[in-house]
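A.B. asks: Residues per chain are reported as follows:
Protein chains: 2
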Amino acid sequence: MSHPQKTFKDTVFHGKSILSVRRGTIAKTTLHTQLDRLHSTGRYDCFKLKWHPVYDDKSGWPVPPHLFWDSDIGKWIEAACYSLESVYDEVVDTAIQELVGMIRGAQGEDGYLNLHYTVVEPEPSKRWSNLRDMHELYNAGHLIEAALAHHDYYKNDLLLEPMLKYVSYIRKVFGPGAEQRHGYPGHPEIELALLRLYSATGLRDAYDLARYFLEERGNPKGQENKHYYDWEAEQRGDSPWKRPDPYPESRAYWYTQAHQPILEQQSVEGHSVRCVYLLTAVADMIRLDLVRQRSVQGTVQSSSNEQQTALPPLDWESWKTTALRLWDNMVDKKMYLTGGIGAIKQWEGFGIDFFLPQGTDEGGCYAETCASIGVMMLAERLLHLCDDSDPDRRYADVMELCLYNNVMTAMSLDGNAFTYVNQLASSNKDASARSEWFEVSCCPPNLTRLFGSLGGYLWDYGSTGDDAFVNVHLYTTATLTFPVNGRPFSLQQTSNWPWEGTVAFRANLPDSTTATIRLRLPLWCGDEFVLEPRPSNSDVSITKGGYLSLSPAYVAANPTFSLQIGGFKPRYVTPHPYTNQHTLTLARGPIIYCAEDVDNAWETNHFKDTAVSNTSAVTEESRVDESTGEEYIALKTPSWQRLLPSLSRQRSGEEPGFDASEEALGLERELVLVPYYFRANRTGKGQMRVGLPSCRH
Amino acid sequence: MSHPQKTFKDTVFHGKSILSVRRGTIAKTTLHTQLDRLHSTGRYDCFKLKWHPVYDDKSGWPVPPHLFWDSDIGKWIEAACYSLESVYDEVVDTAIQELVGMIRGAQGEDGYLNLHYTVVEPEPSKRWSNLRDMHELYNAGHLIEAALAHHDYYKNDLLLEPMLKYVSYIRKVFGPGAEQRHGYPGHPEIELALLRLYSATGLRDAYDLARYFLEERGNPKGQENKHYYDWEAEQRGDSPWKRPDPYPESRAYWYTQAHQPILEQQSVEGHSVRCVYLLTAVADMIRLDLVRQRSVQGTVQSSSNEQQTALPPLDWESWKTTALRLWDNMVDKKMYLTGGIGAIKQWEGFGIDFFLPQGTDEGGCYAETCASIGVMMLAERLLHLCDDSDPDRRYADVMELCLYNNVMTAMSLDGNAFTYVNQLASSNKDASARSEWFEVSCCPPNLTRLFGSLGGYLWDYGSTGDDAFVNVHLYTTATLTFPVNGRPFSLQQTSNWPWEGTVAFRANLPDSTTATIRLRLPLWCGDEFVLEPRPSNSDVSITKGGYLSLSPAYVAANPTFSLQIGGFKPRYVTPHPYTNQHTLTLARGPIIYCAEDVDNAWETNHFKDTAVSNTSAVTEESRVDESTGEEYIALKTPSWQRLLPSLSRQRSGEEPGFDASEEALGLERELVLVPYYFRANRTGKGQMRVGLPSCRH
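Those sequence lines, one after another, are chains W and C. Numbering of the first sequence is given in the numbering used here, commencing with residue 1 and proceeding in unit increments. Numbering of the second sequence is given in the numbering used here, commencing with residue 1 and proceeding in unit increments.
I should point out that these hints are in silico values taken from the structure, not numbers from a laboratory. Check the hints yourself; a few may be wrong.
[What the hints assert, rightly or not] Think about it this way: if two alpha-carbon atoms lie no more than 25 Å apart in a straight line, the pair counts; the simulated SDA-like pairs of lysine to any residue are: (1) C/Lys242 / W/Lys320; (2) C/Lys242 / W/Gln260; (3) W/Lys242 / C/Gly111; (4) C/Lys429 / W/Lys320; (5) W/Lys544 / C/Asp659; (6) C/Lys320 / W/Lys544; (7) C/Lys48 / C/Lys9; (8) C/Lys429 / W/Pro244; (9) C/Lys172 / C/Ser239; (10) C/Lys226 / W/Ala252; (11) W/Lys320 / C/Ser239; (12) C/Lys242 / W/Lys544.
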């Protein structure tokens, strides 16, 4: 079963696309900056199991600052291995090998491998005593993912071997047996890692454990007739009202998506990263079952490592219904125009349906970088639940939206600084500025590993005999090469995406190979496209899921063709009326725009009172960023100062509410907007807004 | 110093005004219904100190169901005593006397008087062990208020005497001394009760204790260099992360307005009832200092019981600045159009500035009945911080807004059912229906005691020698009588308020008395008014605070006069743009309107998509409620179905956001609106909305 973390090697980026430039920056700069941070913070050496002064920090409860260090190292190794596939780097190579050596040395005889419970609380009774909060399984998941990347690059088992041992140990601890713990991780991650591990190695323990975690999650009577987290808290002697700060109320297990069994959940709730990691695993579990069925039916060759037919049957329809129901709820009701998810800072997660304030002064906006990366992972997995002949652009559209907006804004152009939170309106009071590192530093290495494996997100492909297919989800400049019946097939795409919609393709087919190529028509293009050379009616069709399908005959006749996708003019988009936003946002192609004070020096209140009209003309301006030479398109449109009724009040403290007179607009000024990903890369006060009050003028 | 709970006796309501009708209903029905509930729930007998089965209920922590029973009894006694002043009722009289006997019998030798810590947790070490949550001082406050009302009606000390003893005991426990506790109540109430007690009795302990509580509150280093609530939690052995459910995060002491000293607080925060009770006490403390100063200057006679000159000086300017700053923040940024406060259910209190969603599906709306009653108490107290010659209509406007809307909607027309929460948009999913009682039943008796003492809110008055003044804050039909130099002065007002703006006055002045009468011109009347007989220029003036001041000469020449106040036509009001509401609300005079499904049977989504335009004509319809014969005015205006962009989407789960095309409106229908206070008195599904989406048509 394919995973982008494995298939990315079939893709080579070239040219100067933003994606290619970012990948270059990460290889050249970011990996090194992050390695420096690993060193300077103490993470790098932590698996030597010596005491570090930060371990004495007991100021927070229950999570000490070092609790995620295992995963930080895991993610960096993973990202570094992906990067090495493209560009060799001796410093990075050496560091990986040294880190792997230290990890191997840190594993217990029994296979246990965790920094905190080996060094800081080494009493064996402490292990697994707080699955809800203590991230042991989360850390294990990231180390497993690191091991897979390491194995693929180094072609040895130096990291995989201890992780397999660890998984077998964990498998013994958790399960339905009377002597086993009926628990599951507070922060999902290991589930998706285990399913990748199973796909790569066929290790049945990995599959069984992932499936157990997914099926058991949220069981109200999991252990001794109690919710597992209640039971384990009792075991620890903790009062039900003693709870970490992200839990607004006691037993708010929706924070970890454990308030009810997954199959019963009707909406995405709680911590947004946990939620999308969990659903990614769910999608993978379903996919494995689909592969098993097709393999039984003989329609698909399973990879040699997946012994699917031996797996117990899954009620995959219920799981798929659940996954799609939760996807729909998330995208329709809980996602920002930038692809960000999570409105609430306290639990870093979802508010109620349609609660999507743009920034702190409206009630919040979290939109964590990792969460949108998780949406991309989930979208990519859901694409795999579609028939190969009918990929669904819903998932690819959202994947692209996240990539170019909420995800890409999280790294500075120089590759040295990152955001955790990506508000849609920031001000000097809460600027959403980028930092070089965070105490809980999930986001920076998550970006790095995403870009490292990005090739795997561009397209899906495969073959049966001599019949090949490629489903193109994302446009950029890159070449895909994979074997069809033992001979190399390649497809090259060249474009100036995301600025222009024309994508030139060149297919190199081995003799006797036939190829169907399906090209995503983004929703925002409004089915406006031109294919050259012009096809005959029978040569192309638009699939139910919104892809332009080129027949083998068309591809054979036109190995060089180009698709010109419409929608590359500025358009106003608006969130659902139930968000109570009443704002307009400029978009162009997949790019969402924002206004920044750098370009609009007159602004004083982060554009909160800067109204725009969807009947105004918008002009484009090609620009080059001074520091990097990177090109982008800025937009300009008239704006009007919204005059507040409170200004007409002579005194404060008078009755609430105002005469509802006609909308009052003041000074007209030209408003300059830049891509959201570009924000906060120049000087400025951090005054920024994506959604501007809508007015009529 | 005057308090409305004392001065109300000078006012007699007559006629069939809504206020008078409600008072009659309360005397005849509500007091009895509530007495029945006291009996049936076990409250009535609780001071016999026998075990009640509910005391075994340990399901909640830390607050058991019976924790507020002392206060429920206190509030009922207080309300009942007020009502007896107008209408004698033997059942009520007998019950009061029996309750007082039981309370007396429940007091400890040392003066301590509390149900929970006498019966349920009687160990002396438990007393005062959790001021933050356990409401001992809150309960004491309500019993003190009951004692004052009891003393005024019965002219004996049967309840006052044990309360004075209790206060002296409490005074020994709390204070700045090394052996004293440096604590203060989690739920303010006793402070305002103590200041009333001081005004009535001159008991210095009462003043000192109230002032200590107010000055010490929020001290970050109150006890052993720690915040008092941290210190007491440590004493109990409670982890800082063990916290009651209303605390979203640990140490969220803003919930109880104890996050910083009161003088440093910049905005109203936390539990809204606590906040306004606290500020009412602050205003009373300031007022006492003003009285002291004026008494020193010889300009005001202090009441015989207030030994103001002996009080330590207060930095009253800082306190007044603080009180007014917090008032402004509350009214400008945290108050609903109905006079409701508190958006958040979890802590029954304020959200951030301008966070005023209308109902559950927008993120909440609490608007507790008690909170608006508290706003009325605070407004009444702030009026007393004004010079008598320049009352400020801000406070009276808001007082009236609360009274006729958020407060009056809380009781059914028949006087038998009550609301706790008063949303501005309710639906069948969360109907804000009225109940006969609540487990925490603060609101029903709070309404009863407010209406019992309502006469005290109508006007302020006084005299110096033969010179009298009356400042009329609220209009209705009632007569005020008070002595001027030993002879009775009376002022009668007659009106069909709140439906018509004409108020007829008749003043009966003793010979040689001169009187200045000031009449509030509500902000919403837009200074549109007519005084008959027409005055000459020198006879009347409009004060800075917005009152029409009639000179003694005018009053002498025209003992019968009438004021016709404008604004009694429907008007559209709208909340501040920063609320992100974009809604229109119909108002007429002081009445806020809502749409209900009973009148608009076509409605299916609690009017969430029913748009109105402020350019539409609005017609009035006089109606008579079938069940009670009560008259009111309904309004009618066209409305349009708002067509949602999501309806144009063929599939869910597609990218967030929509093309910002022109506002799409569908079917036009006549919308009928009724006064908000009238809601949920007929059949219906609970679909109701105050703020309707604004459209242009």
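A.B. asks: Kindly indicate which numbered hints from before are broken by the structure, ordering the numbers from low to high.
C.D. replies: Per hint list: 1, 3, 4, 6, 7, 8, 9, 10, 11 and 12 violated.
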